[in-house]
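Visitor: This is what each chain is made of:
Number of protein chains: 4
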Amino acid sequence: MTRSFQKLNEEKVFKDPVHRYIHVRDRLIWDLIGAPEFQRLRRIRQLGTTYLTFHGAEHSRFGHSLGVYEIARRVIDIFKYRNHWDDSETMITLCAALLHDVGHGPFSHSFEKVFGTNHEEYTQKIILGDTEIHRILEKQGSGFAQRVADVIGKTYPNRLVVSLISSQIDADRMDYLLRDAYFTGVSYGHFDMERIWRVMRTRDDQIVFKLSGMHAVEDYIMSRYQMYWQVYFHPVTRSAEVILTQILHRAKDLYQQGFRFKYLPHPLLKIFNGKITLHDYLKLDESVILYFFQVWQEEADPILSDLCYRFMNRRLFKYVEFTPALLDAKDRLSESFQAAGIDPKYYLEIDSSSNSPYDLYRPGEEGERQPIQLLMPDGTLHELSQESDVVGSITGMRRTDCKLYYPKDRILDLPKHSPHQKDIQRLLGI
Amino acid sequence: MTRSFQKLNEEKVFKDPVHRYIHVRDRLIWDLIGAPEFQRLRRIRQLGTTYLTFHGAEHSRFGHSLGVYEIARRVIDIFKYRNHWDDSETMITLCAALLHDVGHGPFSHSFEKVFGTNHEEYTQKIILGDTEIHRILEKQGSGFAQRVADVIGKTYPNRLVVSLISSQIDADRMDYLLRDAYFTGVSYGHFDMERIWRVMRTRDDQIVFKLSGMHAVEDYIMSRYQMYWQVYFHPVTRSAEVILTQILHRAKDLYQQGFRFKYLPHPLLKIFNGKITLHDYLKLDESVILYFFQVWQEEADPILSDLCYRFMNRRLFKYVEFTPALLDAKDRLSESFQAAGIDPKYYLEIDSSSNSPYDLYRPGEEGERQPIQLLMPDGTLHELSQESDVVGSITGMRRTDCKLYYPKDRILDLPKHSPHQKDIQRLLGI
Amino acid sequence: MTRSFQKLNEEKVFKDPVHRYIHVRDRLIWDLIGAPEFQRLRRIRQLGTTYLTFHGAEHSRFGHSLGVYEIARRVIDIFKYRNHWDDSETMITLCAALLHDVGHGPFSHSFEKVFGTNHEEYTQKIILGDTEIHRILEKQGSGFAQRVADVIGKTYPNRLVVSLISSQIDADRMDYLLRDAYFTGVSYGHFDMERIWRVMRTRDDQIVFKLSGMHAVEDYIMSRYQMYWQVYFHPVTRSAEVILTQILHRAKDLYQQGFRFKYLPHPLLKIFNGKITLHDYLKLDESVILYFFQVWQEEADPILSDLCYRFMNRRLFKYVEFTPALLDAKDRLSESFQAAGIDPKYYLEIDSSSNSPYDLYRPGEEGERQPIQLLMPDGTLHELSQESDVVGSITGMRRTDCKLYYPKDRILDLPKHSPHQKDIQRLLGI
Amino acid sequence: MTRSFQKLNEEKVFKDPVHRYIHVRDRLIWDLIGAPEFQRLRRIRQLGTTYLTFHGAEHSRFGHSLGVYEIARRVIDIFKYRNHWDDSETMITLCAALLHDVGHGPFSHSFEKVFGTNHEEYTQKIILGDTEIHRILEKQGSGFAQRVADVIGKTYPNRLVVSLISSQIDADRMDYLLRDAYFTGVSYGHFDMERIWRVMRTRDDQIVFKLSGMHAVEDYIMSRYQMYWQVYFHPVTRSAEVILTQILHRAKDLYQQGFRFKYLPHPLLKIFNGKITLHDYLKLDESVILYFFQVWQEEADPILSDLCYRFMNRRLFKYVEFTPALLDAKDRLSESFQAAGIDPKYYLEIDSSSNSPYDLYRPGEEGERQPIQLLMPDGTLHELSQESDVVGSITGMRRTDCKLYYPKDRILDLPKHSPHQKDIQRLLGI
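Protein chains in written order, with full-length UniProt numbering: chain R, 1 to 430; chain B, 1 to 430; chain A, 1 to 430; chain V, 1 to 430.
This is chain R alone, in the form it adopts within the complex (with noise of 0.2 angstroms):
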């Protein structure tokens, strides 16, 4: 049973730098737009510390999540051109792929580090909660808002759907690898979206792309490759996110010893008696946490008040190459850095970056498992790999970079021929 849609009385646009205009036709994604827990994402950078490396990222999840939902509309209408597409299916797409991040707090990546949560969880609670959400997608039938995060939760029995919003080359990899060059001002991330488009084709419950575009898709991979690299894993980004991690961790911490903070948000405290509940959780956002950062660098903990300071000032931590020499070293390192009066648990941190331009199967990330098919001129179909060289030589490769972050400002004002600067330095290499 197809169900009718409310189309707007007139389109609606959406100026945007990447896809040029977003158009909106039906009243249910405009009114899903418009509710609060998706305007919230306005507050909610993109790209998290990114901004600190590259000063144009400072775009937010709300124009990302409307490409998307662009991107798939846009797909969409490809696909029933050719008669591929099953109509029926088209507004729970869309709101799926509108939908997909909402669920996603202030710097996710560190919140779920230290506290545990799971933006994924909590995009599901959204749709399936208390929140305005799901009334308006409840008004379209009862159900609804249950499809709509399955698809997301990729458990919807249409693979089809599922793969326009998750799968190798979906249409949030699409949206995030033109969005976010275009804000960074980089070079990397740029393929012929276009053209991806028009050689997709469904084969089953799956999208395979015809043998004609594989290039574009090599261009996507290694595209793909180059923004993990350059913006994604930027050293400057993650020695940022390294010191937002030490001031949850040692919030955290002093909380749980009892400190009495001058300053301690509702949410905040929730999260960290882990009593937070979806209402708390909305009303979490870069904001609060900028703002909570900012009034800490005046609580009587040194060390929260200097990695509050570090992180609104970016004061950020230098780094090394972290080698197998540096991992012997290790503990004499953390106690040279205890001797001199600077906590390692804080100050001493090792984060590691790791990522393969092109898997067959990623591991640990269920449902995204499919590789990539191409439709040979003969009607089969012939994994990517086998086909392109490139991505061929690349296959299964993995990179890792794994780097030693630390406060080199603290280690050059040791006082001079302290033993432990000179103990620090040597055993940094610096």
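Don't read these hints as lab results, they were simulated from the structure.
Watch out, some of these pointers could steer you wrong.
Copies of the same chain look alike in the list, so a pair counts if it fits in one copy or across any two.
[To be verified] In silico EDC-like cross-links for lysine to aspartate or glutamate, where the CA-CA straight-line distance does not exceed 16 angstroms: (1) LYS330 x ASP26; (2) LYS80 x GLU10; (3) LYS252 x ASP301; (4) LYS408 x ASP130; (5) LYS125 x GLU194; (6) LYS80 x GLU11; (7) LYS262 x ASP150; (8) LYS210 x ASP378; (9) LYS210 x ASP150; (10) LYS210 x GLU11; (11) LYS210 x GLU10; (12) LYS416 x ASP77; (13) LYS210 x GLU298; (14) LYS12 x GLU194; (15) LYS283 x GLU298; (16) LYS210 x GLU194.
On the provided structure of chain R, position chains B, A and V as indicated by the hints.
Guide: Chains B, A and V in isolation, oriented as in the chain R frame:
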């Protein structure tokens, strides 16, 4: 006497989407960028509430300030190549370019309207007061900070230096037109900046433009005009600005009436009671404001809480043209609002924008009164509007756009057949 | 009656720098593009001699014709979405868009000036005469070719269809402004084409523009104005055009005087003696012209050979403003040229360009006289210049640029202290 | 000894879509650009027959040559800023950059294949022979032209200068990747040229790249790879190239058989009989070739006339993969063609392209054998493929694409049920 400034060992760059790279070669510039008062600009959006209209416009004053510096740097390079430049003014000019906006607070326009603060004054205070920026500047010699402040204050004796930072075609305007166009994604705002640089000549203490570059200057004037009307004065942005201003008004009124706020941060308290110090001011950024707007949704005062809800969730006021007929009906409209229980003081607001595409003399902007001069082949100067038909025809033209903002949802929610609803709808013509 | 047109099995695309991709879905369009008369447009530059000023402007009328087709196709899609379009007119419109320039010859402007040919007549002849294009069109039914010709000739009864191809804002102008800006590399010529499409409405048999899109239309008008003066009327391009025209004049004069050309190709011979057929005309392209200009450098006539040398090697004429004083001195100047052995008939030429940024009525362009109408919120139509201050202030304004072109090198090569040199220099003010 | 070169009174610029502006400050460069041998490059397309696949690729070698000059100029500026550059080499380098392609003829690839001409030899002859370019160079001192020729010939003692013009990352390749991407409109071909410039260091007589810029270099390598396969080796372009080569073969064969051409221009005659002089060669441009291809459609020889018709009207050959099975069937296929009256010598052609994305040693390209070296933080040099996983995994990989081209239309036009048609179709697998 030419002071010698310390060079960095290795040039540093910032990736910038507008200028590709921002190049920093001087220790002084690098240190200023690192100062907390400058890093704070990362937390103040370049275009205030515009992101609620153009979702891409989330960029901060940090990037713009770097951009103005970079333009000044490149123009000076061109002037040096032509031997038109006194190199002893270079560092003064670059510092002024970088710091010209450092006094901006969050949503400056509304704050200045409600509290009478002035970002230009704060720029002076930050450069001259007890700040890290001041200390960095004074390391270059006593009085250096004052000279930078004089350039920004337009009292510096070398008018050429002042012109580069503040004139009808200055580094500030060139950067913001290009940058705001880039981040909003609009197609206006582009002009051939490099051509303008190439036709710039210095004449006495003035920047003039070779006649052969007149069209590039015309194009700049028209771009500016389009950006004003299409972006800066967009009625939806102004609606957000109206609500923001009303929040501040209401909070101030409540404070003066002795209302007991659940949440009231120190710096806002100080601004309410008129005792704000430079130190307090520097703590004000958009995180603070957005955090308090969020928590004020829980304050007991229904007007404050409603206005904050509106701002945070983009439930903006609608608008009608403010016609002479409406002017006559203003009092009756206020009465109907009052009668319907909607306080017109906060819910009925006239907002007016007005701009000239080009003026020989822009009244009220002391120091920017210089008309644009073209350098003729015979060496004489002709004012732009005499030579350019297009600019000539629009010189002195002033366009005004006046709108009345009101909460349409509240009107529609009034009891059906309520006489107030009908009256209001009739008076507003909706 | 709606004819049914054959679709291609698979959509074909052309990669296009301006529109990303040109999409072809109809067999008819595909066949027309493949016709020799259309492929011939690859050998005729879009901007004639402009490549001698802007070296990027080497693009041909082939790409432009595809672009006009693509714009028409997209606009029709939008009209169809809004149910504003009679689908039985679609193929007629697309064919007319594709073929509107098919009658252009090499350097049309100069040819038409010297030989009285007319590219619009040839467009009609190619569509209606003994050509492959005609045969392809007539396969769609007898009279189909005539209808396409009528659209291009502006006599087609459906004025809406005519407007899409020929009006103040039509697919032709939209494509060439964007395309010529792209290939020359200038920053003028950009406007928000998609926004213009979105605010287009049909009203009776006319295309009108919603008031809310007025600024996009203003921007288009100003872009057009800048492109005219910065690119199309560039004095260096005009100098090349002057020389080209003089070559044709000289060759024609020589032919009429019975000069024995070493090289004279059949189609040029026919054009000289006024007996050119459609078949001959179709052989004329820029290769032919450039080849003959090359070999004519070896003809015995020194004027022809010199002018050809100048054109091929970009030894252009210089220019001075043609002032009223020069008008008075014109005869004396001619005499001095004659006395100095430089034939003023070929070496002294006045060239004038004139353009209005916007005119309610463009005199002499029958069928394009329609002013631009804005659709007001109340449903009435207002002419653009009444609503737009900027357009209003320039309406009817006419700018003229008149220059005198001459071979400066010849003047400088005259014997030193020759009285002619001095006279000429004095009269020209050089 | 540093010669002093004359500066222009005022810098001249060319508007360039790729580099925004090309800046000329030296009289010598200006004069070279004006020389007829250089202006001739306007009549030779940068990408030969590629415009028949990508209609935007109509740009000439003129713009590319300016672009290579401009890149060299800017890189030298950066080297000068870092005191890495011997300024006495500047003009030599700029001249070599500008003139490196000046010996190209029309459709060089095919001409060289059929007639054994060599554009590199002609570059040397133009610089050293009886040309205006030679005279302009020699004005700078005797031997100056020889030094420029040596740089282009890679025999110049200063290897750094040679590297800037000819190496794996040189000004030539950087310009053509960006330029060809721009004009074709493809999204490949972009890389961060300015970052590459910034990480360039000179080491002994070699250009090396700082490790921190490795990703930019990787991106360049991948862009180059994509451009080769997506643009330069596009099978449709190669089909046009095959036809063009067959035209030249046929014309040469006919000439040698004593065929009486209706049309045969002097320079082609000379190339047929192997007696071409530099003076003749300089007359060969694409206008000449296209003109003769046009008129040769009227020659009595049906093969020559058919091939010319195909080229002019883009009736290209189709292709199938040249598999080992086809290799076995090659003789039978030839026989069937012969039997069907289609001369396999001209109508059945194998064409093969092959390319490595990156090779330590590119066989056969003397002087470009230098691998790319990265400068490590410790000052040592590491070859790129040792450090870059991506480049490492593709190093030495060689991809070959071999296709068989044939006139499908002729096969389809054979009498139905003709045994030859069936045989051919079976053998070709179509």
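Visitor: Against this structure, judge whether each hint is valid.
Guide: Hints, one by one, checked against the model:
1. LYS330 x ASP26: neither (58 angstroms within a copy, 37 angstroms between copies)
2. LYS80 x GLU10: So LYS80 and GLU10 pass the 16 angstroms test across copies only (14 angstroms; inside, 22 angstroms).
3. LYS252 x ASP301: within (13 angstroms within a copy, 34 angstroms between copies)
4. LYS408 x ASP130: Intra 48 angstroms, inter 26 angstroms, cutoff 16 angstroms: neither.
5. LYS125 x GLU194: neither (34 angstroms within a copy, 38 angstroms between copies)
6. LYS80 x GLU11: between (19 angstroms within a copy, 14 angstroms between copies)
7. LYS262 x ASP150: neither (43 angstroms within a copy, 41 angstroms between copies)
8. LYS210 x ASP378: Only inside one copy: LYS210 and ASP378 sit 11 angstroms apart there, 47 angstroms across copies, limit 16 angstroms.
9. LYS210 x ASP150: Classified as neither; 29 angstroms inside a copy, 42 angstroms across copies.
10. LYS210 x GLU11: This pair counts as between: shortest inter-copy Cα distance 14 angstroms, intra-copy 33 angstroms.
11. LYS210 x GLU10: Answer is between: at 13 angstroms across copies they meet the 16 angstroms cutoff, but 36 angstroms inside does not.
12. LYS416 x ASP77: Neither. Shortest intra-copy (68 angstroms) and inter-copy (42 angstroms) distances fail the 16 angstroms Cα cut-off.
13. LYS210 x GLU298: The answer is neither: 60 angstroms in one copy and 42 angstroms across copies each exceed 16 angstroms.
14. LYS12 x GLU194: Cα proximity of LYS12 and GLU194: across copies only (13 angstroms, versus 23 angstroms in one copy).
15. LYS283 x GLU298: between (23 angstroms within a copy, 12 angstroms between copies)
16. LYS210 x GLU194: within (13 angstroms within a copy, 30 angstroms between copies)
Comparing the model with each earlier hint shows violations of hints 1, 4, 5, 7, 9, 12 and 13; every other hint is respected.
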